[in-house]
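K.L.:
Residues per chain are reported as follows:
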Amino acid sequence: MSRAAIELEFVTAWIAGQLFGIPITRVHDVFEVERITHVPLAPAEISGVLNLRGRVVTALDMRKRLGLPVREGHEKQMAIGIDHGSEAYGLLVDAMGEVLKLSSDAFDAVPINLQQGWVAISAGIYRLEDRLMVVLDVDKVLDFRKDTLAA
Amino acid sequence: MEDLLREFLTETNESLDVVDIELVRFEQEPNNADILGRIFRLVHTIKGTCGFIGLPRLEALAHAAEAVMGKFRDGAPVTADAVSLVLVTIDRLKSILAELEATAAEPSGSDDDLIVQLEQMARDRDAPIPANKEITIGALAPQVLERALRPDEVSLDDLERAFRDTPGPEGKPADKREADRRAGERRHPDTGPGGAQTLRVSVDTVERLMTMVSELVLTRNQLLEIVRRHSESEFKVPLQRLSNVTAELQEGVMKTRMQPIGNAWAKLPRIARDLGHELGKDIELEMHGAETELDRQVLDIIRDPLTHMVRNSADHGLETTEDRIKAGKPAKGTIRLSAYQASGQIVIEIADDGRGLNVAKIRKRAIEAGLIGEGEHPTEAQLHKLIFAPGFSTAEKVTSVSGRGVGMDVVKTNIDQIGGTIDLKSTQGRGSTFLIKIPLTLAIVPALIVQSGGERYAIPQVAVVELVHRASNANLVEEINGALILRLRDKLLPLLSLSQLLKLPKQPAAGSEAFVVVMQVGASLFGIVVDDVLHTEEIVVKPVAASLRGIKVLGGNTILGDGAVIMILDPNGIAESIGASREERTIDFAPKQEASDTDTLKPVSMLIFRAGSGALKAVPLSLLTRLEEIDTSKIEFSSGRPMVQYRGGLMPLVPADANAKLAQDGTQPLLVFTDGGRSVGLIVDEIVDIVEDRLEIKVTSDTPGVLGSAIIREQATEIIDVAYFLPLGFADWFHGKSGPGREKKKLLFVDDSAFFRNMLAPVLQAAGYDVTELSSGKEALAIIGRGARFDLVVTDIEMSEMDGYALAEALRANARTAHLPVVALSSSLSGAAVTKSKHAGMHAYIAKFDRRGLLQALKTASVELQEAA
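Protein sequence lines correspond, in order, to chains A and B.
Take the first sequence: its letter number 122 is residue 1264 in the working numbering, and every next letter is one higher.
Take the second sequence: its letter number 99 is residue 120 in the working numbering, and every next letter is one higher.
FYI, nobody ran anything at the bench for these hints, they're computed from the structure.
Hints should not be assumed to be uniformly reliable.
To be verified - Straight-line C-alpha distance at most 20 Å; calculated EDC-like pairs for lysine to aspartate or glutamate: (1) K353/B <-> D336/B; (2) K276/B <-> D336/B; (3) K563/B <-> D1247/A; (4) K563/B <-> E1271/A.
To be verified - Sample of chain A residues facing chain B (criterion: CB under 7 Å; computed from the structure): (5) V1169; (6) T1179; (7) A1184; (8) A1186; (9) V1191; (10) N1193; (11) V1198; (12) Q1257; (13) I1267; (14) E1271.
Cβ coordinates follow ideal geometry from the N, Cα and C atoms, glycine included.
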């Protein structure tokens, strides 16, 4: 890339052994889920709703969203709080990673051989020293109704 | 200056809105000096304020408009052109104000185009006054500037005084009159400026207050929850006080959010007027109940739909003046907008006396859009409702031929969103009426907290009629092949388990579902079975995320006192999903029904049972009073006929089929029919199911007691004739009512549904009437035209072609039949319909299945007839 490299900060999280990153500007907060209310008749990806300091947050199960199997054994459930318009969503992940500052030099497009569902919600890939990090496109992650309906 | 300017903008915008409305009224009543006085004063005030603040462009425009108004006041003729020009000027003022608001400075530009026209018009109106006597802005400026030295220090009183001192246009006597009027107004503090004790508060402030009160309510609920767990707590008394104060505070803040619905209507007279001019129609917009208050948030949501609907009524509903005269209607078309409060809801009606919906065109369009199949024949009411279907009318070209329906789906969506309902009634050639019901407020609602499958849910109390504890009323709930039915006094209500409705993963354990929440939505009653009823709570409604909005049975979520989030059930959505309201409120857009050529398309709830021979038998559920299972040992025989002691009397038992036999031991299922205080038990072998299906009698039957056969749920089923069985129980069932020896009254029975003709004609015959059955109003008028004579008429209301009202009116118009008592039958009973039937000169208005009411009404009608004769 000939453009000047820019550095961006990412909140990272682990889902089924894969590292994902979300631009820090999109992350409202990170919290531990204690009590979650099941929403009847809701799309499968939605685990339920929860109360985060007086706000109703809709919890989205990232494993289901990515078409991954349900996690075995329950330790503490972590969530990344995202504001989407005026609505609050919580992305349920296996575990939180560090906050990383990454240079756009290490950024690449999504490899075409990734599973379709993954391609749809990924903004690109960062090459870290020891592994690859998939950048999630938050708006597309939350725009799952279309996919579900089409399926 | 900031504050002063903001104050000015708000006030002036409001004044201009009023001027808009008043001008339209003035155009219709050019001789009304009060209206003119108000307009003149407002324009004058605007001019004065503009001069005071130093907004020359606005001032010059207002001044020129005022000059024209002044001429009107002096008696110049009021023409549409002149009013249009003033209205255009008002629009220009508004657009300048909008820019002023955005940039805090008066935009540059020239309004000479308008000013020249206005001045020209003022000159033309009043030839004797020479043109050079026109006062220009320059003459006003010095006087005005004198006072605008330091705007920051200017009190409103000074401002007020400035308005008064600003000279009006030329014409001293008029000024004198104006001053007199103003002086008079001073004595009425309600109308005089500055008289009413009001305070302008920004919406943000009120909204913040509301949010805080909502949080306070939540915290209070939390505290109550904690104290509830400790029976002996010293917090109890102070908490009770806190609770009361919170409730009052909440009510107070809610009140500040209330606004008269007239605010949402302010622009409508102008829209109707402009559309009228554009379309060549003479339109009168009547507005009733503008003072009805509702929550600001609700008001904001319905503002656009209302505007849209009035536009629609003016555009598509009303005919052109020419067409109206041709149709023999008054040249002026009326759109009536009314609002009133009824049982915690606001009802808004938008009625026009235009051409009504064109059913044939709707049908055509619906078939094109794939909403109904070619072979389907929905009722007229169902067709009407199709205009709310998404995608019914999209392209411009289509709407111009399809009558109504431009974006009606959007209107419906907006109204659904706030938990409201929309309905319409339309008569071709007579007009359409839209009925919107919306909640007063959305923010905080009392709710019943229930539990099912381990989760709690909130049900808005406005929809809850009563609670029934199953265990202590075990006999009230029947189970028929898995379908639950609640017997509530004289009604049978469909019951649905909340776990099933919500498809909860955990299946309820047997006997765990202890309560029935009886709910009413529109005209439909139904029961929801829940595990437990916890308590009631004022809940703060929070909308669900967009991704959950498609779930119809959920209306939002809320945070409870203990911090948990729970879902709020939407009564409308539930009613829709159990189909109980399909007939009344909505029609099912999705499923494509099989083609059928019957005229009885509404689904009817039917009880399916076996008796005697193997064939299934059915009876409409609504005819049935009760289902009973009695111990065979309780059956007694009196002169060879089986009887049981039932509710303090003896109830005769009649076999539902010649081959049906009484059970030898155990229990005997009975279908109980009650009429006029007497009950008959129909002996059946087995109750099979309750189904909802369209009932179409395919083969009529000669067997006594059987109306014919129908296909119900793909099985041939015999429909029994209740009217046949009732007299078998009591020999004098009907004879007692008709009386011996009297000549039979000739009764004309008109109903386009074969089913109801088959159902009711035998009842009427058995009651001693000589019945002539016809399937349409036209046929009825035809045979009367040929000389047939009748003593009584019974007619269905909802008929295609000519409805019951039209028939009644036609009969009244004919001298020979004007005296005929007409009894209306309808499947829906609403106050409006009853009133309408009275207007049409009908004798009585009876629900279709209310046989007793029908016979009673006929009896009184014939008694009156005899007395009159």
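K.L.:
Run every hint past the structure and note whether it holds.
P.N.:
For each hint, the structure was consulted:
1. K353/B <-> D336/B: Between K353/B and D336/B the Cα gap is close to 14 Å, so the pair holds against 20 Å.
2. K276/B <-> D336/B: Violated - the C-alpha atoms of D336/B and K276/B are around 36 Å apart, more than 20 Å.
3. K563/B <-> D1247/A: With Cα atoms ~44 Å apart, K563/B and D1247/A exceed 20 Å; violated.
4. K563/B <-> E1271/A: violated (45 Å)
5. V1169: This interface hint is violated because 17 Å lies over the 7 Å limit.
6. T1179: holds (5 Å)
7. A1184: Given a least distance of 6 Å, the restraint on A1184/A holds.
8. A1186: Violated - the Cβ of A1186/A stays beyond 7 Å from chain B, reaching only about 12 Å at its closest.
9. V1191: holds (5 Å)
10. N1193: With Cβ-Cβ at 5 Å, under 7 Å, it holds.
11. V1198: Holds: closest Cβ of chain B sits about 5 Å from V1198/A, inside 7 Å.
12. Q1257: violated (22 Å)
13. I1267: Status violated, d = 27 Å.
14. E1271: Where the cut-off is 7 Å and the nearest Cβ of chain B is about 37 Å from E1271/A, the hint is violated.
Comparing the model with each numbered hint stated earlier shows that hints 2, 3, 4, 5, 8, 12, 13 and 14 do not hold.
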